[in-house]
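Chain W is already provided as a structure; the job is to place chain R with the ligand on it using the hints.
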Amino acid sequence: MAVLNEEQTMLRDMAREWADNEAPVSAFRKVRNAAPTEGYDTAAWAEMGQMGWAGIVVPEEFGGSAFGYLSLGMVLEQLGRNLTASPLASTAAAAAAIALGGSDTAKAEWLPKIAVGEVVATVAVDEGPNHDPAKIATSVSDGLLTGTKEFVAEGDSAQLFVVAAVDGLYLVSGDTGVTRSTRKMADFRSHAQVTFDGAKAEKLGGPDLTAKVIDLATAALSAEMLGMAEQAFSVTNDYLKTRVQFGQALSTFQALQHRMAKMFTELELMRSAVEGALEAIDAGRSDTDQAVSLAKAIASDALHLVSREMVQLHGGIGMTDEHDAGFYLKRAYVLETMWGNAAFHRERFARLNGY
Amino acid sequence: MASAAELDAPVNPTDAFRKEARDWLAANFPPELKGKDNAMSAIDGPTELSPAEAQWKKAVGEKGWGVPAWPAQYGGGGLGKAEVRVLQEEMARIGAWNPIGGMGVMMFGPTLLEYGTEAQKQEHIPPIARGEIRWCQGYSEPGAGSDLASLQMFAEDKGDHYLVNGQKTWTSGGQWADKCFALVRTDKTRKHEGISFLLIDMTSPGVEVKPIRLISGSSPFCETFFTNVSVPKGNLVGREGEGWTIGKRLLQHERSSLSGGGSAARMFAGKPMGALAREYRGTDEAGRVNDSDLRMRIVRHEMDSRAFALTLRRAALESRSNQGPSAATSIMKNVGARITQDRAELSIEIMGMNGLGWEGEGFSEDELNQTRTWLWGKAVSIYGGSSEIQNNVIAKRILGMLDHQ
Ligand SMILES: Cc1cc2nc3c(=O)[nH]c(=O)nc-3n(C[C@H](O)[C@H](O)[C@H](O)COP(=O)(O)OP(=O)(O)OC[C@H]3O[C@@H](n4cnc5c(N)ncnc54)[C@H](O)[C@@H]3O)c2cc1C
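In the order they appear, the protein sequences are chains W and R.
Residues 1 to 355 (my numbering) are what the first sequence spells out, left to right.
Residues 1 to 405 (my numbering) are what the second sequence spells out, left to right.
Keep in mind the hints are simulated off the structure, nothing from the lab.
Among these hints, one or two may not hold up.
Claimed, not checked - No more than 25 Å apart at the CA atoms, straight line, and that leaves these computed lysine-lysine pairs for DSS-like:
#1 Lys378(R) x Lys262(W)
#2 Lys58(R) x Lys36(R)
#3 Lys57(R) x Lys81(R)
#4 Lys107(W) x Lys212(W)
#5 Lys241(W) x Lys396(R)
#6 Lys200(W) x Lys135(W)
#7 Lys191(R) x Lys158(R)
#8 Lys262(W) x Lys248(R)
#9 Lys233(R) x Lys188(R)
#10 Lys330(W) x Lys262(W)
#11 Lys396(R) x Lys262(W)
#12 Lys210(R) x Lys378(R)
Stated by the list, open to error - Derived DEER-like restraints, expressed as beta-carbon distance ranges:
#13 Pro207(W) x Ala92(R): 33 to 43 Å
#14 Ser103(W) x Gly352(R): 55 to 65 Å
#15 Arg190(R) x Ala283(W): 47 to 57 Å
#16 Lys30(W) x His192(R): 48 to 58 Å
#17 Ala26(R) x Gly284(W): 26 to 36 Å
Ideal Cβ positions, reconstructed from N, Cα and C, are used throughout, including at glycine.
Bound-form chain W, shown alone (with noise of 0.2 Å):
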């Protein structure tokens, strides 16, 4: 655990507090039995908001807290841990976004409600099935954006798109010209096709603002991967301790002693790069490309060693959706994939570094 200030210590620990007894595992199981539009309990999401935890990354000035996003990422690895639904990365990404690049109407406009968790936002960029902000179509003409985006997360329910056109990054506010079509997944969450058809645009700021905005996306994503592999982890644990065979609990054969060493040991190193790169956009270093490459590769890499061994290590019971373990393998593919997999970030980290 990174070094905390004392803010930073409350805010992790009431997180940790509300998602364990307000948003356990059992929670999003009743999410995904009700299969609600927005692919959340807007309840749960309304007790966040008024926790101010959208409004983290929100300055002070627009009614945020302004903690940075190393607090965003306590706040999001503890939902990870127990699967918690929420528009919270999304909504955060977004407004970090209308903060950094929005006109000053804008700001006071958006960032206000955003804060108190009563508008949903996202950031829209890939066209298709794999992260390549390389291929973007999406285009701006007139102060109008025309293009499809593919898999936008909470695009279900979110009332404000910050859209990446080939030009740069964009604020869609209204409905007209928007078009959502649902994509069903694995994960059971919101992964909208959105269709924007000439939809009213405003701009944020160019290319360099989308590469950023993507990466503070990236590295949020990433603490929310480090709380579920955290947890896929230590209910493994758990039952190995439980569980008898051979006359003897699981816990104590070496074979499955060494698979947790080295698991363990991966986790440790995900959660320095996490928080790495996490501290990093905090520091605003000129680095942060690398570092956030570096935490989602690893994290990616660690999650999905994490997440598969669970199901194997619990056996049968790991194979049924009474259990748990399939939420977490499940999301955890979908985390993997979303904002660039493992491949994608060495390949990205390898050019960044010139080799």
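Here is chain R with the ligand on its own, set in the frame of chain W:
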């Protein structure tokens, strides 16, 4: 990403001490020794010191700054943690290095400071602080490696002294050592409780060393035989039968020093893999290292190294902010070993046949060193507790996994 220098950047500068350290270093560090630290010296055995090296070692030894955190009354520097860090930063700044090292500094000294009597500390600590005495570690035996507690070397109580008989093996630097800290059996009926921690003079009659040659070609360690060696009772550290506890404490010091816990910068010294690959392999039209598979494995290695550097830094910050030793510490030895070995393997793969030279014409000095580094590096996942044993420790101590019934 943070460069190695950034990872070692000042955290809590204490300015008055910084000036003191800077002035003293300016007055005492011979500039011609800048960056001439030989990391392999502890392995290769004693080398003839140049006059400048001898002078530098003497100055540091007298000042106690080779062991800056040890108490001044025994010849240490008596510095606090923050000051030690400042001293390291100031040394790194001018390319100075610590000429005092070895097992006495890394593991025996800290253990003796904790468990030794006043007389033992006064006798043994100052010569270590001045770098005058070489210690070796008499733990492993032919039948006691990973299962150290099954050791058999026996010390029989003869009233005023012990009579020691038995064999140790893999004794690093045994042929150059003046003294040996050894685990011996003083009771054959009990496994762990029958072990004692004994200090043995290597010049005593009955001590014999036989160097063993390693796959890297060097012979940095020995089989060590003890035949009717007489050891004074005053050389027992702690109480009889308490050796296992003391010996394990020493292993903690050994592991933390082996995992590169000191300085991330040192661990990542040398040419970055990407640059090495461009040099040996060339690039394609897009400017990428030729061989995309190799290129990606370089990235994995580089990412692993950086995540490790960030973890070293995180663990240091966490323990400094008094959250106690971080759980991350337990993974350090294995990750450090894995990265060291990956680095060597990758370098050789990049260099091709040039990376596999043994001696003689046709290879650069760097290339020949690479072969040696590679082969020597195979030891890091074995000594000081093998990777498998480290995983056992993680599973049992950190994860609370259960003992086999
Ligand atoms: C270069 C070098 C320097 C050394 N210097 C010293 C020194 O100065 N002083 C000293 O006392 N010793 C020294 N050692 C010894 C070192 O500590 C031992 O080699 C080490 O503890 C392993 O013991 P072993 O070689 O007997 O292997 P073994 O214990 O026989 O192990 C063989 C293999 O089996 C595995 N294994 C063993 N037990 C288990 C288990 N329970 N579960 C899973 N796997 C297991 C091991 O990990 C290893 O892979 C040195 C070793 C090397 C290589």
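>> Tell me the numbers of any earlier hints that the structure contravenes, in ascending order.
In response: none
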